[in-house]
Every structure is written in C-alpha cells, then in structure tokens.
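K.L.:
Per the working numbering, the very first residue in the sequence shown carries number 1; after that it's consecutive.
Hints in this document: simulated from the structure, not taken from any laboratory.
No experiment lies behind these values; they were computed from the predicted model shown.
Every residue, glycine too, gets a C-beta built ideally from N, C-alpha and C.
You may find that some hints are simply not true.
Computed spacing ranges between beta-carbons, pair by pair [unchecked claim]:
no.	residue 1	residue 2	range
1	ARG238	ASP588	27 to 35 Å
2	ALA532	GLU637	26 to 34 Å
3	ALA397	ILE153	37 to 45 Å
4	ASP369	ILE153	54 to 62 Å
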Amino acid sequence: RRLTSMAAWDLSVTVEDLGSDAPPVTISVASDLHVGGVIVKLVEKTQIKRDWSDHALWWEQKQRWLLRTAWTLEKYGIHADARLLFMPQHKPLKLGLPNGKTVWLRACFSNPVFQTVMGICRMLNIRHPEELSLLRPVEEKKKKKDKDLTEEIYDLTEVPLSSVSRPCLYNGTPAHFADSEQMEAVYKMLSVTQPPPAPEAIAKQYRPASVVDKAHINGRWLDSSRCLKQQGIQENDRLWLRFKYYAFYDMDPKYDAVRLTQLYEQARWAILLEDVDCTEEEMMLFGALQYHINKVSLSEPQMPSSSAALDDLESALQSLEVKMEGDGNSASDLLENMTAPELNDYLKIFRPKRLTLKGYKQYWFKFQDTSISYFKSKEESIGEPIQQINLKGCEVAPDVNVAAQKFLIRLLIPAPEGMNEVYLRCENEQQYAQWMAGCRLASKGKSLADSSFQSEIQSIRSFLAMQKTNSGSSNNAAASDESINTHSLVSPRYHKKYKPKQLTPRILDAYQNIAQLSLTDALLRFLQIWQALPDFGHSYVVVRFKGSRKDEVLGIAPNRLIRIDLGVGDVVKTWRYNNMKQWNVNWDIKQMAIEFEGNVNIAFGCVTADCKIVHEFIGGYIFMSTRSREKSDTLNEELFHKLTGGHEAL
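With the sequences and hints as input, model every part of the structure.
P.N.:
Next up, the structure:
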C-alpha cells in the first residue's frame with residue numbers, strides 16, 4: 001500500500017431495488033473514491049443482473065443528486081454519516097393533460113424540471129416544450145357517490161427511454177406510437193379533440209369566482225430550475241402538464257397535431273370554467289365552434305399528419321406567398337408604399353379616467369404613421385391638432401356588439417404615471433374594421449403603408465361576420481334536427497341563465513357562419529378568438545406593493561405586468577417588459593424589485609405564490625421573446641435558466 005492513500009471507511013447506501021424492508025448495503029470506501037467507483041462497488045455487492053445505467057445516488061440530508069460521477073466523495077463533502085439512496089432517475093408519474101385525460105409515464109426525477117418537461121413533450125410529440133410546465137393539481141369537488149368511478153389511465157411506462165431521447169419519427173409521429181393498437185389509441189387520445197364534456201363534469205370542476213381565486217392556481221407551478229425529487233414529488237404522484245406561457249411559437253398543424261389539440265383543450269376549459277372572461281356573443285361563438293369541431297372530428301380522417309400531397313403543395317404555396325409579402329420590394333409594393341392609404345374621419349372619443357360626466361365627443365381624426373391626431377372639425381385639420389396620440393406600444397382591445405351596433409376601440413396608452421385609457425367609437429363596421437386594423441398595426445410600430453393592413457381589415461371583418469346572427473335562417477334543417485346538448489358547450493353561468501332549448505337557436509345561428517371550416521381551421525379559429533379576448537394570457541398572483549397596506553393583484557401577461565386594484569377590480573397601471581432594465585429578488589425578505597426606464601422602480605412581496613414563481617414567469621416571457629426562426633430547432637436552455645433562475649439557479 002502506498003502511504004498516500006486515504007484511510008478506508010464504511011459507507012451505507014439504501015438500494016431501492018432491494019425493497020423497502022432490506023437493510024442498507026455497506027461498502028468500504030476511501031474519500032478519494034469517485035462516485036462512479038461507489039456505484040460499481042454497490043452493483044457488485046447487490047449481485048443483481050440488470051441495466052443499472054439509469055440509476056444514480058441521492059443524498060437525503062442535502063436533498064441533491066450526485067450526478068457528477070467523476071467527483072470524489074471528498075469533493076462532494078460526503079462522510080460516513082451521509083444517508084445515500086441508490087435508485088432510478090426516471091420514475092413513473094401520473095400526468096393530467098389539458099384534455100382532462102391521464103397518462104402514466106416515466107419522467108426524469110433528477111434533472112431540472114425544465115428538462116423533465118422537454119423529455120415528456122418529446123414522448124408525447126409536443127414541439128416547443130418551453131411553453132409548458134408542471135404544476136400540482138387542483139382537487140375537484142368530490143361527491144360521495146363518485147367513489148367507485150375509476151378513471152381510465154393511458155399507460156406509456158413501457159416506452160423505452162432511448163426512444164424518448166431521440167424519437168424516431170414515422171409519418172410525423174414518434175415510432176413508439178405505432179408499436180401496438182394500444183399505443184395507437186394513446187396517440188389518438190392525444191391528437192384528437194375530446195367530445196364536449198357532460199354539464200355535470202363541468203360543474204364538478206373548480207371554478208374561480210374572482211381574480212383572487214384565479215391567482216391561487218399560479219402558486220402551484222413547480223420550480224423549473226430544481227428537480228422533481230427536490231420538490232417533494234414522489235413516484236406515481238399526480239401532476240398536471242399545462243401550457244404556462246401564452247406565447248405560442250410557430251404553430252404548424254402539419255407537425256403540431258398533439259400541441260394544437262391540447263392547446264385547444266386548455267383554451268376550451270378556460271372558457272367553460274370562466275378562467276378567462278368573454279361576452280355572451282363570444283360564448284355562443286365558442287359554443288358553435290366546439291359543436292362544429294366535435295362534428296367534423298367524427299367525420300374527418302383522424303390522423304392529420306398523413307395528409308395528402310395536395311396539402312403540402314398548398315402550404316408550400318402559402319408560405320411562398322407570405323415570403324413574397326415579407327420581401328415587399330416588388331414594383332407594386334413600392335408604389336403602394338409611396339402612396340400610403342389615408343385614414344381620416346369623424347369618430348367619437350371618450351376618456352374614462354378624466355373625472356367628468358361628459359360622454360363621447362365627436363372630432364375629426366387623422367391617422368399618420370403610428371399616431372392619431374384629432375381636430376375640432378375637418379376644416380381645422382390643417383392647423384395644430386387638439387392632441388396627438390402615439391399608439392406605438394399601446395394595448396388595443398375590441399369592445400364590440402354587432403347586434404347592438406356598438407363598435408368601440410379601447411386603447412391603453414403608456415404614460416409615465418400609468419396607462420391612459422381612451423375609447424374610440426366608430427359609426428359602422430366598415431369604419432371600425434379600418435381604424436381597428438390601423439390601431440393594431442400602429443401598436444406594433446407599423447404604419448398603414450404596411451402590406452398587412454388590408455389582410456388585417458379582412459380578418460376583422462370576417463370576425464364581425466361570424467358574430468352576425470342570421471335570425472331568419474335558424475330553420476337550417478341539417479343542424480336543427482340534431483339535438484345538441486348546449487349546456488356542454490357553454491359555461492355554467494349560462495346553464496342558470498338559459499334553458500338548453502333557448503340556447504340551441506343562438507348557438508346554431510353562430511354555427512352557420514363557421515359550418516364550412518375544416519377541422520384544422522376551426523381549431524385555429526377557436527384559438528384566434530380566445531387570443532383576442534382582453535384577458536387572454538393573464539396569469540394572476542396576489543402581491544403587496546412596498547409601502548402599501550393592502551393586497552393587490554399582479555397580472556403577468558406575455559408582454560407586460562398589470563397592477564389590479566381589488567377595491568375597484570380594475571387595471572391601475574401596466575408596465576411593459578421592453579421598458580424593463582433589471583429585475584431581481586431579495587430572497588431573505590421574499591421581495592421582488594423591478595426597475596423600468598425613466599427611473600420607475602417597483603417592489604412587491606408575493607402572497608399567493610412564491611417569489612421564484614413570479615420571477616420565473618417574467619424571465620420566461622422575456623426568454624420566449626428571444627426565440628427566432630433561424631435558431632428555432634435548438635433551445636437555449638442556459639439562457640432560460642439565466643433569465644428565470646435567480647441567483648439560486650446560477
């Protein structure tokens with residue numbers, strides 16, 4: 001023996017595979033032995049022949065995995081009193097999907113949750129896993145008589161881990177889904193929409209009654225920078241997989257059958273459970289789209305991935321069209337840019353924040369570049385305007401009721417002290433479509449000369465057309481002879497307000513405008529209307545601002561933070577991420593501080609969620625905005641952790 005070698009000592013390790021009653025296995029080690037050597041000794045001692053490649057050591061006291069097998073025990077700081085467990089890194093989990101179904105699969109308990117979600121999404125064939133995450137489930141209201149209902153669980157535990165790390169695609173779907181009829185059934189469940197839920201099933205789910213209720217779910221997200229084991233998740237625990245960031249990148253129906261279906265299911269439940277507010281007209285339209293989607297999915301061939309070559313040709317032509325539009329240097333484009341369309345008209349304006357009881361006043365409005373100016377009358381529009389409103393970076397929301405001929409554009413304009421709210425009232429559809437399109441482009445910094453102006457007008461007009469009711473034609477034989485359970489298509493508030501037979505004509509009315517849509521188009525249209533709702537994509541947390549004595553709600557949106565006063569239930573102020581200079585957390589006092597341009601500083605403590613969750617949301621949205629076409633295949637995981645982790649993760 002060399003004199004330099006270290007003294008030997010005994011290390012006890014619990015080997016999970018030997019069963020819970022088995023005593024720990026003791027091996028003789030020295031402090032300069034590396035972790036890989038410890039594992040070799042353990043495996044020899046157990047004398048079990050099996051594949052140990054997925055196993056690793058977990059250090060109970062320190063709650064950490066010893067994944068660096070080249071590190072010595074000394075470097076890790078491990079002594080004889082360490083409680084070590086030897087177990088697989090992948091363990092089964094019961095995963096609740098957005099469509100309400102449960103899959104049983106093996107997930108990684110040793111990597112950060114961000115990577116675990118990537119593995120799960122690869123197994124389920126969902127692209128852009130960075131948009132999803134895991135959360136602890138919300139219990140649904142249990143009735144005594146529900147005890148004997150055993151839920152159906154779709155089993156994916158036999159899928160080999162190798163096919164998850166590098167899934168081999170067959171017809172656009174991972175090969176493991178083509179292995180057996182049972183696996184094909186799992187894929188069908190993932191990629192085909194579910195039938196409308198029974199009204200009782202809707203009533204059984206937790207329904208938030210206020211914005212504070214909506215905040216509670218966001219305290220349940222897991223920490224992306226720590227592993228499942230560190231967060232107390234056990235084998236066979238139940239977790240939910242949900243879209244967390246409402247920034248859906250590069251949605252392509254050809255490759256995204258599962259992603260599109262699950263997103264639709266999450267949106268549908270958000271509407272049925274009133275997680276996101278919508279008007280009665282919109283609810284009828286959502287109901288009609290669900291009815292149509294269900295009807296078409298029963299008759300159309302199920303697997304969208306094996307579509308005909310014609311579809312490929314069509315999409316290639318479409319993307320070519322988009323590319324040519326984007327290049328925008330053909331002669332006709334140049335001419336069009338030289339003569340940008342003008343938009344001038346009489347509109348009515350109202351500023352709700354000014355403490356006056358005066359209603360709408362009419363002025364002559366002029367659209368120039370990305371701003372609107374208004375004058376007392378058309379004759380005076382040569383001189384100085386009463387005011388010029390710059391729309392770049394503002395929020396634009398529709399407030400429309402076609403039946404009542406109400407066409408409002410609601411603008412929230414950023415100002416140093418908060419957001420100034422302005423309403424513009426248009427006389428008719430034509431005027432509304434043009435001004436709304438102009439405002440939407442201007443908010444993104446584009447002028448009316450932009451090539452997308454006309455298509456924006458078209459999409460607004462087709463949206464209005466869908467809300468029109470064809471009251472004379474509700475005797476549509478094809479539709480009315482079917483009995484539709486309308487209470488499966490709308491939220492419970494309308495179950496109380498209307499009888500099913502009162503809802504039927506209204507839903508069928510809305511249905512006539514969309515009855516021609518293909519399945520994919522109907523899904524995309526549903527998501528488009530959901531994304532246009534004023535409250536879409538808001539994740540709420542209850543916070544207490546520094547120096548304030550009352551709780552308030554912070555809404556986290558894809559591009560901004562929103563401060564909501566619970567007394568009034570109204571938006572008091574918004575801050576945009578692109579004006580943010582830095583954000584950090586004081587972990588000792590659990591307070592988040594953010595600095596914006598123009599010396600604006602805010603600080604708040606989090607009441608219903610951990611600071612880390614809020615920190616991760618903000619960093620996550622900033623990460624989502626950095627994704628670009630060229631790099632779309634590779635995920636910059638390091639950047640995600642940098643932006644979301646706080647000092648702990650770095």
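K.L.:
Do ARG238 and ASP588 keep their Cβ atoms within the hinted range of 27 to 35 Å?
P.N.:
33 Å, holds
K.L.:
Is it true that ALA397 and ILE153 lie within 37 to 45 Å of each other by Cβ?
P.N.:
42 Å, holds
K.L.:
Looking only at beta-carbon atoms, does the pair ASP369, ILE153 fall within the given range of 54 to 62 Å?
P.N.:
58 Å, holds
K.L.:
Does the hinted range 26 to 34 Å hold for ALA532 and GLU637 at CB?
P.N.:
Since the Cβ atoms of ALA532 and GLU637 sit about 32 Å apart, the hinted range of 26 to 34 Å holds.
The structure is consistent with each of the numbered hints, conforming to all of them.
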